[in-house]
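Given the coordinates of chain A, work out where chain B should sit on it, guided by the hints.
There are 2 protein chains.
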Amino acid sequence: MRLLEERILKDGTAVNEDILRVDTFINHQVDPELMQKCAKDFASHFKGMGITKIVTIESSGISPALLTAIEMGLKLVILKKQPSKVLNDDLYQTMITSFTKGTNYELTMSKGVISEKDHVLIIDDFLANGECATGAIRLIRMAHATIAGVGVLIEKNFQPGRSKLTDAGFEVYALARIESMSRDNIIFS
Amino acid sequence: MRLLEERILKDGTAVNEDILRVDTFINHQVDPELMQKCAKDFASHFKGMGITKIVTIESSGISPALLTAIEMGLKLVILKKQPSKVLNDDLYQTMITSFTKGTNYELTMSKGVISEKDHVLIIDDFLANGECATGAIRLIRMAHATIAGVGVLIEKNFQPGRSKLTDAGFEVYALARIESMSRDNIIFS
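Same order as they appear, the protein sequences are chains A and B. Numbering follows the numbering used here, in which position 7 of the first sequence is assigned residue number 7; successive positions increment by one, without gaps. Numbering follows the numbering used here, in which position 27 of the second sequence is assigned residue number 1027; successive positions increment by one, without gaps.
These are calculated hints, taken from the structure and not from any lab test. Glycine included, C-beta positions come from ideal geometry on N, C-alpha and C. Mixed in with the good hints there might be a few duds.
Here are the computed distance ranges between Cβ atoms for each label pair [what the hints assert, rightly or not]:
1. B:1189 x A:187: 55 to 61 Å
2. A:187 x B:1144: 49 to 55 Å
3. A:9 x B:1086: 25 to 31 Å
4. B:1141 x A:168: 44 to 50 Å
5. A:21 x B:1180: 44 to 50 Å
6. A:37 x B:1044: 23 to 29 Å
7. A:85 x B:1163: 36 to 42 Å
8. A:11 x B:1009: 41 to 47 Å
9. B:1017 x A:141: 34 to 40 Å
10. B:1163 x A:37: 40 to 46 Å
One chain only, chain A, in its complex shape:
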């Protein structure tokens, strides 16, 4: 998506070869107009696939996911991060190890918000190592639902997230794919 790539070049900051800051328009300050255009693109790409629910992971994915849910006339489920395992029979839980941030947390979803009748689209801000997306997929499968695909605003194409997902048979759709980065230099695929 040209518009998002141009905005990343204009307002994003490649801190180093791994870290891209998009704090002024996606993560910390949100440009709602840009997010609406991204959501329209997701909705158009995934239309006609029988999707029944949008799922995202708190908190940076919420904005694009909510607007995609509105575009598609669907409800949104926000998967929650907990610092440690909670003893609760009403929750599905799975451990996420974030190599990027060097942290562990439990991703959780209440039983009942998604059922075996659901066909789910996962929307998030970034795809890098794919820990979040694969964790979300584990939770959705615990609820016996099926997965239509994964849509992300920005993919770091030089990290293994996409191949982990496509190797497992999931479609990945990224609005901006970064081939490589270095300080103040961003190259798209």
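Okay, now just chain B, sitting in the frame of chain A:
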């Protein structure tokens, strides 16, 4: 707002006299249509006040705040929670003590996303003890911006959040005001 009160009665769960679960339509699963109607109500109430930016606290306030930002044609700033103080000259930080959850965290905002020219509307899901809202106000004031008011979906009227804010001169607008709760019984003001 009648619609939100009715939805709370239908789908909310008063766990005890303090805890209201709204997981199926606000916090965990989000009903975008309901959130859009709430956002229209906020936008209508706060129109013509010269508001330049919407501010919320991650993560449950993001949905109503983003849609209010869209209704009002403004950008959204999401204040971030950090487990501990970060050494960073580019951040404003303030400690929040949540009596409800028994936790401490640092609320943070990058310098530059809000300036002394801004007149800010704070939107959140709940107002109870007011720790989050007063913390957000401290950060906004560190940036020398002014505050137009605080809009929340649900106010626990039996807790001191509103009086803390109104005593300090801030307008509070709540779409549903709960006078009292007990297991399976919710009374609105």
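Hint-by-hint comparison with the structure:
no., hint, result
1, B:1189 x A:187: 55 to 61 Å, "holds (57 Å)"
2, A:187 x B:1144: 49 to 55 Å, "violated (39 Å)"
3, A:9 x B:1086: 25 to 31 Å, "holds (28 Å)"
4, B:1141 x A:168: 44 to 50 Å, "holds (49 Å)"
5, A:21 x B:1180: 44 to 50 Å, "holds (46 Å)"
6, A:37 x B:1044: 23 to 29 Å, "holds (25 Å)"
7, A:85 x B:1163: 36 to 42 Å, "holds (38 Å)"
8, A:11 x B:1009: 41 to 47 Å, "holds (44 Å)"
9, B:1017 x A:141: 34 to 40 Å, "holds (38 Å)"
10, B:1163 x A:37: 40 to 46 Å, "holds (42 Å)"
The structure does not agree with numbered hint 2 stated previously, though it agrees with all others.
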